[in-house]
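Participant: Following the hints, complete the assembly by docking chain R onto the known chain Y.
Protein chains: 2
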Amino acid sequence: MTETLQKYWSEVGQQARAASRSLLKASTAEKNQALQLIHDEILKNVDEIISENQKDCDVARGNSLTEAFIDRLLLDKGRIETMAQGVVDMIALPDPVGEITDIKPRPSGIQVGKMRVPLGVIGIIYEARPNVTIDAAALCIKSGNAAILRGGSDAFHTNQCLAKILQNALFQTNLSEHSVQIVATQDRAVVDLMVTAKNYIDVIIPRGGKSLVERINANATVPVIKHLDGVCHTFVDEFADLELAVKVVDNAKTQRYAPCNTMETLLVHENIAKEFLPKIAEIFVVKTVEMRVCEQTQIILNEHEISTLMATDADWHEEYLGPIIAIKIVKDLDAAIAHINHYGSHHTDVIISEHYSNTTTFLRMVDSACVMVNASSRFCDGFEFGLGAEIGISTDKIHARGPVGLEGLTSQKYIVLGHGEIRT
Amino acid sequence: MTETLQKYWSEVGQQARAASRSLLKASTAEKNQALQLIHDEILKNVDEIISENQKDCDVARGNSLTEAFIDRLLLDKGRIETMAQGVVDMIALPDPVGEITDIKPRPSGIQVGKMRVPLGVIGIIYEARPNVTIDAAALCIKSGNAAILRGGSDAFHTNQCLAKILQNALFQTNLSEHSVQIVATQDRAVVDLMVTAKNYIDVIIPRGGKSLVERINANATVPVIKHLDGVCHTFVDEFADLELAVKVVDNAKTQRYAPCNTMETLLVHENIAKEFLPKIAEIFVVKTVEMRVCEQTQIILNEHEISTLMATDADWHEEYLGPIIAIKIVKDLDAAIAHINHYGSHHTDVIISEHYSNTTTFLRMVDSACVMVNASSRFCDGFEFGLGAEIGISTDKIHARGPVGLEGLTSQKYIVLGHGEIRT
Numbered sequence: 002m003t004e005t006l007q008k009y010w011s012e013v014g015q016q017a018r019a020a021s022r023s024l025l026k027a028s029t030a031e032k033n034q035a036l037q038l039i040h041d042e043i044l045k046n047v048d049e050i051i052s053e054n055q056k057d058c059d060v061a062r063g064n065s066l067t068e069a070f071i072d073r074l075l076l077d078k079g080r081i082e083t084m085a086q087g088v089v090d091m092i093a094l095p096d097p098v099g100e101i102t103d104i105k106p107r108p109s110g111i112q113v114g115k116m117r118v119p120l121g122v123i124g125i126i127y128e129a130r131p132n133v134t135i136d137a138a139a140l141c142i143k144s145g146n147a148a149i150l151r152g153g154s155d156a157f158h159t160n161q162c163l164a165k166i167l168q169n170a171l172f173q174t175n176l177s178e179h180s181v182q183i184v185a186t187q188d189r190a191v192v193d194l195m196v197t198a199k200n201y202i203d204v205i206i207p208r209g210g211k212s213l214v215e216r217i218n219a220n221a222t223v224p225v226i227k228h229l230d231g232v233c234h235t236f237v238d239e240f241a242d243l244e245l246a247v248k249v250v251d252n253a254k255t256q257r258y259a260p261c262n263t264m265e266t267l268l269v270h271e272n273i274a275k276e277f278l279p280k281i282a283e284i285f286v287v288k289t290v291e292m293r294v295c296e297q298t299q300i301i302l303n304e305h306e307i308s309t310l311m312a313t314d315a316d317w318h319e320e321y322l323g324p325i326i327a328i329k330i331v332k333d334l335d336a337a338i339a340h341i342n343h344y345g346s347h348h349t350d351v352i353i354s355e356h357y358s359n360t361t362t363f364l365r366m367v368d369s370a371c372v373m374v375n376a377s378s379r380f381c382d383g384f385e386f387g388l389g390a391e392i393g394i395s396t397d398k399i400h401a402r403g404p405v406g407l408e409g410l411t412s413q414k415y416i417v418l419g420h421g422e423i424r425t
Numbered sequence: 002m003t004e005t006l007q008k009y010w011s012e013v014g015q016q017a018r019a020a021s022r023s024l025l026k027a028s029t030a031e032k033n034q035a036l037q038l039i040h041d042e043i044l045k046n047v048d049e050i051i052s053e054n055q056k057d058c059d060v061a062r063g064n065s066l067t068e069a070f071i072d073r074l075l076l077d078k079g080r081i082e083t084m085a086q087g088v089v090d091m092i093a094l095p096d097p098v099g100e101i102t103d104i105k106p107r108p109s110g111i112q113v114g115k116m117r118v119p120l121g122v123i124g125i126i127y128e129a130r131p132n133v134t135i136d137a138a139a140l141c142i143k144s145g146n147a148a149i150l151r152g153g154s155d156a157f158h159t160n161q162c163l164a165k166i167l168q169n170a171l172f173q174t175n176l177s178e179h180s181v182q183i184v185a186t187q188d189r190a191v192v193d194l195m196v197t198a199k200n201y202i203d204v205i206i207p208r209g210g211k212s213l214v215e216r217i218n219a220n221a222t223v224p225v226i227k228h229l230d231g232v233c234h235t236f237v238d239e240f241a242d243l244e245l246a247v248k249v250v251d252n253a254k255t256q257r258y259a260p261c262n263t264m265e266t267l268l269v270h271e272n273i274a275k276e277f278l279p280k281i282a283e284i285f286v287v288k289t290v291e292m293r294v295c296e297q298t299q300i301i302l303n304e305h306e307i308s309t310l311m312a313t314d315a316d317w318h319e320e321y322l323g324p325i326i327a328i329k330i331v332k333d334l335d336a337a338i339a340h341i342n343h344y345g346s347h348h349t350d351v352i353i354s355e356h357y358s359n360t361t362t363f364l365r366m367v368d369s370a371c372v373m374v375n376a377s378s379r380f381c382d383g384f385e386f387g388l389g390a391e392i393g394i395s396t397d398k399i400h401a402r403g404p405v406g407l408e409g410l411t412s413q414k415y416i417v418l419g420h421g422e423i424r425t
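Heads up: the sequence lines are chains Y and R, in that order. One rule links them: number in the numbering used here = place in the first sequence (from 1) + 1. One rule links them: number in the numbering used here = place in the second sequence (from 1) + 1.
With a cut-off of at most 27 Å between alpha-carbon atoms, the simulated DSSO-like pairs for lysine-lysine come out as follows:
hint: 1; chain 1: R; residue 1: K248; chain 2: Y; residue 2: K115
hint: 2; chain 1: Y; residue 1: K105; chain 2: Y; residue 2: K26
hint: 3; chain 1: R; residue 1: K115; chain 2: Y; residue 2: K115
hint: 4; chain 1: R; residue 1: K105; chain 2: Y; residue 2: K115
hint: 5; chain 1: R; residue 1: K26; chain 2: Y; residue 2: K332
hint: 6; chain 1: Y; residue 1: K26; chain 2: R; residue 2: K332
hint: 7; chain 1: R; residue 1: K199; chain 2: Y; residue 2: K199
hint: 8; chain 1: R; residue 1: K199; chain 2: Y; residue 2: K211
hint: 9; chain 1: R; residue 1: K211; chain 2: Y; residue 2: K199
hint: 10; chain 1: R; residue 1: K115; chain 2: Y; residue 2: K248
The set of hints was computed from the structure by calculation and includes no laboratory data.
Bound-form chain Y, shown alone (with noise of 0.2 Å):
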């Protein structure tokens, strides 16, 4: 560590710790202001933004990354309007910021209450998709929280533009201009600094692959919010109606592999498994998806010639994002549930039933961000949930839990409002 990365640090620090103070007077039409006026110096800077891009796609290309990083990369004019357009989104959202709720009379005579209000300064470390620049600064502005963001160094260049961007946009608001600092050093150390920077950053929120957020969250003592993997499950129970588990349970897997809401494990139970695994079964042949398969799904789907791959442990815990499944017959509810507690990474999962006491059992036992009845799990998303934009989904139990909006980007603290009252 250098010395001189130390004193950056501190002044990165500092300068966000003094923003976040002065944020907590910024008004709704304040922050809505700077969001449109980053949304217009995107759009005016267009080409500069290109060109920048194309320096890192170009060493990105010249250190031979792969064409699907380079695409994660890449920024065009579609792309950067995109960009744009979900900042100005972001106005029509409701602030959480100052919302009061719960006041109460006591029987001293004071009235307790709760107030919404920011978390501070957040901390958001990423890969290189330069698009979490401009998403991840503007929910922050919008939650009244400073922010520092530290991009993958491959996207160096595109990420010091839009710092540029943000700054100009900031310089013609009465926000602070260190509301939202990008990190100027290609320097790993400072992903050190920064997660156990306790005095200066209240919460730290990686985005990206499992190992960037392991790797993260092995070393952080400032607060994580994150999610490792989605190991999401669908439990069809013997009292599903079948058709509908069908449509869903192919919803989930195919509808996009990729998402970390889609389902990577189908649970079925013993009783309906002879009925309902072929139909689904026959889905994911013509979708061309692979079936890891417990032996009594590989000795059912053999006598309907559908050809399948005996599961191993490991399959239990996978996160394929890709056109794979792991299919398993348990005994009975409780069997999924054990199954999905165990083996899941606690961010959606979904039974199927018309059973009332199986679906409130298993909303209660699953010990999961999400857990839904008769849906696809692909619906846990901010979007979908209501609640706008999200930063990323938390399967930690503290805090945010499931897709972390503007609110999950807030805390609330304690007010009184008294008229004298003393404790006696």
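Facilitator: Frame of chain Y; chain R shown alone:
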């Protein structure tokens, strides 16, 4: 770290995790029955508790620990009965687990809401105050969490006796006997294992003096709910009702000196300083409260022949926990808020004012767990707020803030009620 300790710890951790899963299905009646039985078992074993506690007190005396220390350690019949009563009192508190809120229909047809659920496994690390063992066990059971308790080694015999009582009570219920585990080793290395056991523990709550909390917080990778200290302020605004101000400031400082919600620093608007300061200072003189003051305050009080000490910068950071107060004159509301946000500990801060906008600005801008208008800071307390027993007061911003009662020991997961909806 010995292999024996590692093995012991992983057994405790696995048992706690399993117990937390089975607690997910515990009914309110089952949890209340456990509380009743703990109460009964405590009262049945008063003599044994006293005799085991005597062993700890004898060792403490042999080690020349202070009388104050031994007083906190000591259990007599009265204290044991109070402890048992605290447990049955919790039966009357509403069960937070299972509460479903905010179910709203979405355009897709799904209904989205939240369900309150236990956090899972809570690790509590505390000093040689055996009453914490019973309080913490009861709060965790009622909120549906498994608990791992690690009390100060000076209370080892008492805590092992209380552990036996808790086990006896749990054996008579449907709850897992491992719902509450008391660490049965005096090896301090177990604390290092606890604070980094992300797989076994969902949250760590340290209870004790600042040095204990600081030590735990510095090393913890498991999320910590805590407060380090209570540097609480009262700001007497220029628009204060001065009679009310005298009454509330007196109460906030002198009703009890030791609690964390006692005021430590008094801030006074310069426009009313000459009128207000002599009034309050006379009370402090009578009650022999030492005043450490800014220069302006000293000049004013000198004119009234009231002697004071000059404050140093350290005084503005200090939690005296005794009959000492720091007093400073500030030029306006902004200066008061800036002082509190800079020097305070984000615990409880109060404005005394009749000016509408000043009170609303103070409520919004002061970055503390509890912000009050015209009331004594001493009200920041679980019972006074209507939360019932508290496990502590949090000055963190993530998750629970302020007094942490049963609700603070839970989280909310999303639930989705569908009818076969799929994403398109």
